[in-house]
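Novice: Listed below are the residues making up each chain.
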Amino acid sequence: MQTITVPGKNSKHRVLLYALSTCIWCKRVKSFLRENGIEYDFFDVDLHGEKEREEVTADILRRGGRLSYPTIIIDGEMLITGFKEDKLREVLEI
Amino acid sequence: MTTLEEVRQRVESDAKSNGYYLNPDPEVLRHLLEGLRKNEERYDYPSCPCRLAFESFELDRDIICPCDYRDPDVDEYGSCYCSLFVSKDVFEGKIPLKPIPERRPNEKQIGPHIKSAKAFTKTTAVKATASIRKSSERGMKLFYCRQCGYVCFREEPPYLCPICKAKRELFAEVTIS
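Going down the list, the protein sequences come from chains A and B. Taking this note's numbering, the leading residue of the first sequence gets 1, the next gets one more, and so forth. Taking this note's numbering, the leading residue of the second sequence gets 1, the next gets one more, and so forth.
Hint data in this document are derived by calculation from the structure and do not stem from the laboratory. Just so you know, these numbers come straight off a predicted model, no measurement behind them. Do not take every clue at face value.
One side only, chain A facing chain B, incomplete, derived with CB under 10 Å [stated by the list, open to error]:
(1) Gly8
(2) Lys12
(3) Cys23
(4) Leu61
Heads up, the beta-carbon is just placed ideally off N, CA and C, and yes, glycines get one too.
Bound conformation, chain A alone:
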């Protein structure tokens, strides 16, 4: 799975975002991360085929998440479903 890296000054945490290209909440997460200078990787699931979709689905379910987007995985441990600004601030220490 080829994710796209958005560089940022703050790379303290490893942030992976599963998103949809048309989703407004996913767009908000991207803007939020960018505005706060957080480096992150993202993957627009709707722009990819079955193989990649299956990988994302398996990854989210394995981590006990819901199959909804945006799904943010921080440091490969913490999974956050949806744009929860307060939670993101807390986990990313911003």
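Given chain A's structure and the hints, the job is docking chain B onto it.
Specialist: Leaving out everything else, chain B in the frame of chain A:
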């Protein structure tokens, strides 16, 4: 090809006739309408811009805008899942617009082709496969609204009657003997 203006007119008219408002932020609204237009272009139907479509009308039917979950979501949270439709209070800024939890059952989000998903959610995946198999065998049922007589043919009754807004409990299965 459907234009952005056509999508806008369609949702505006739907909002008006159902007593809803559209997202008050013009930039967010434009993005949502563009998402619907894009989905209509790539899938042939305007599925929710904030949900992953399976590109199968049968599997995506409940997330075609306005989705099956809009009415109970606006009712409970003041906005639908993607925030296209909002209540009067949200529109007027009396209630803040926030992301809301997904009401669509998780098993509906697992595609029939996602094999590995079954290993992780054995029960739900089995349930989802069973329901998909059922529908493919035309095992869907007829339901009617006991309040207004609206009839639909699907796996389960809608949350709210699209005609008279009666709740799901008022739906009964039509049995033909």
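Novice: Failing hints, ascending?
Specialist: 1, 2
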